[in-house]
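Asks: Quick mapping for you: the protein sequence lines, in order, are chains A and B. Throughout the first sequence, residue numbering follows our numbering, covering 1 to 148 in sequence. Throughout the second sequence, residue numbering follows our numbering, covering 149 to 433 in sequence.
Derived from the structure by calculation, the hints contain no laboratory data.
Subject to a maximum C-alpha distance of 27 Å in a straight line, what follows is the list of computed DSSO-like cross-link-like pairs (lysine-lysine):
1. A:K139 with B:K244
2. A:K80 with A:K139
3. A:K94 with A:K80
4. B:K244 with B:K260
5. A:K80 with A:K106
6. A:K106 with A:K94
7. A:K139 with B:K239
8. A:K80 with B:K244
9. B:K244 with B:K256
10. A:K78 with B:K415
11. B:K415 with A:K139
12. A:K33 with B:K244
13. A:K139 with A:K78
14. B:K256 with B:K239
15. A:K88 with A:K78
16. B:K415 with A:K80
17. B:K415 with B:K383
18. A:K94 with A:K33
19. A:K78 with A:K94
20. A:K106 with A:K88
21. A:K33 with A:K106
On the chain B side, residues computed to face chain A include the following (Cβ under 10 Å):
22. D205
23. R218
24. L247
25. D282
26. A296
27. Y315
28. D422
29. C426
If we take Cβ atoms under 8 Å as the criterion, some of the chain A residues that face chain B in the derived model are:
30. R45
31. N48
32. P49
33. G75
34. K78
35. R79
36. L133
37. L134
38. D138
39. R140
40. R141
Keep in mind that this is a model prediction, so the values were computed, not measured. Positions of the beta carbon are idealized from the N, C-alpha and C atoms, including for glycine.
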Amino acid sequence: MLKRNIYTLVFTLCAMSSVQGHHNPASHYVIDKMVTVEGIVTQFRLINPHVRLYFDVTGENGEVTSWFAEGNAAGVLKRKGWTTDSLKPGTHIKISGYPARDGGPKLDWKLIELDDGTVMRGGNTVGIEQDLLLDDIDKRRQLEDEES
Amino acid sequence: MKFINCFVRQQRPVALARLFTVLVLLPGFFANNAVAAEKDTRPDLNGVWVPVLVSFDDPRWRIADLVCARTGCSLGGFNYLQELLQDPENKNRRTKELLVEMEAYQEKFNEKLLTSKARQSQADFDPSQEASLDCQPDGDGLRHQALAPLPTEIEQHDDRVIVRYEYWNAERVIYLDANSHPFAGESSRLGHSVGHYEGSTLVVETTGLLPSMTGIPTSEPIMLSANATAVEQFKLSDDGEALDFIMEIIDPDNFNLPYQNYRRMLKAPDWELDTFVCESITGEY
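Taking the hints into account, I'd like the entire structure generated from these sequences.
Replies: Laid out in structure tokens, this is it:
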């Protein structure tokens, strides 16, 4: 039986502009809170405006709840090698992201961890992916310094 | 006078033929040459151009471009960040620290930029009330269209430039002859654009924009007024590998100064625009 774990951590986000005309995450998600949930993928949709992942979470009482999470735009993720098979039905995942404002089973995802330890990103870059990108940039700066 | 006399002294048919040459053919000759000369000097912007988020690992990116990955930075903020990154004293500081410093600079700039009306509308903004466009681009304005993190394709013609965006599968026509294409008075999402070349830069002026929500770095979004106009610059780098894009929005209702957004794009000859397939999220929120 899958165990549902929710860890909440509150942090202050940098004030990077997070507004997007088509879809402001703050309008649907609590963007100063992070939760982590475990579940089984039922469907992955590689579409715009944001890719969508559907997964089932089994509670401690055995009750199964269908969750929904959204990540970055399909146009961006496809160029990073994502395909419709990147998250196959039946895959066990640990997924973290912003919870829904209405308290429903929804996430704006940041990271997805697979059983083999693989960590998949693919989150919406607005705010949520920003810190990860900055880490990548630090590595690149270091490389460029070494090369020069 | 000497010039006129030379016609008077000629036999009439010869004189008329020469006069015809002077008055009719030569101006055309010079005009054609002027067009040819402009063609020779205008920048070659044709092809697909890609922003950071779809080509992050490309070594042509500068560090500041990577930091401004999403929809670019303000032009002032970008230049400030460049200075921070080039300062040897900041060599060992984390990029996040520099970004925070750049944002502080931006916030200070915003104090001068935003009018009291803009501040009030920001104070009234409630993100929970913001509607999702749900696969309808109608409310998505020119700024976000032009700065979305997806590829753009440019096609240059003598009388117009066509800009195609993967985002929303949108297409704009920029008329190079403003007189032949006056603004008809009907506003639209991407407005009415006329352009001209200034050296290696295509300059585009857009009017007739429908009001739309516009993001401001380090600040809440604002609704642009119906009087907002935009001036865009597409500047080709010396090596032809990069396109520096500046969008200046002029909207006295909201901005005390023109608001300038900057982003670089890279030439991507092997790329094609993908079809933007959008699927409604209605019912899932």
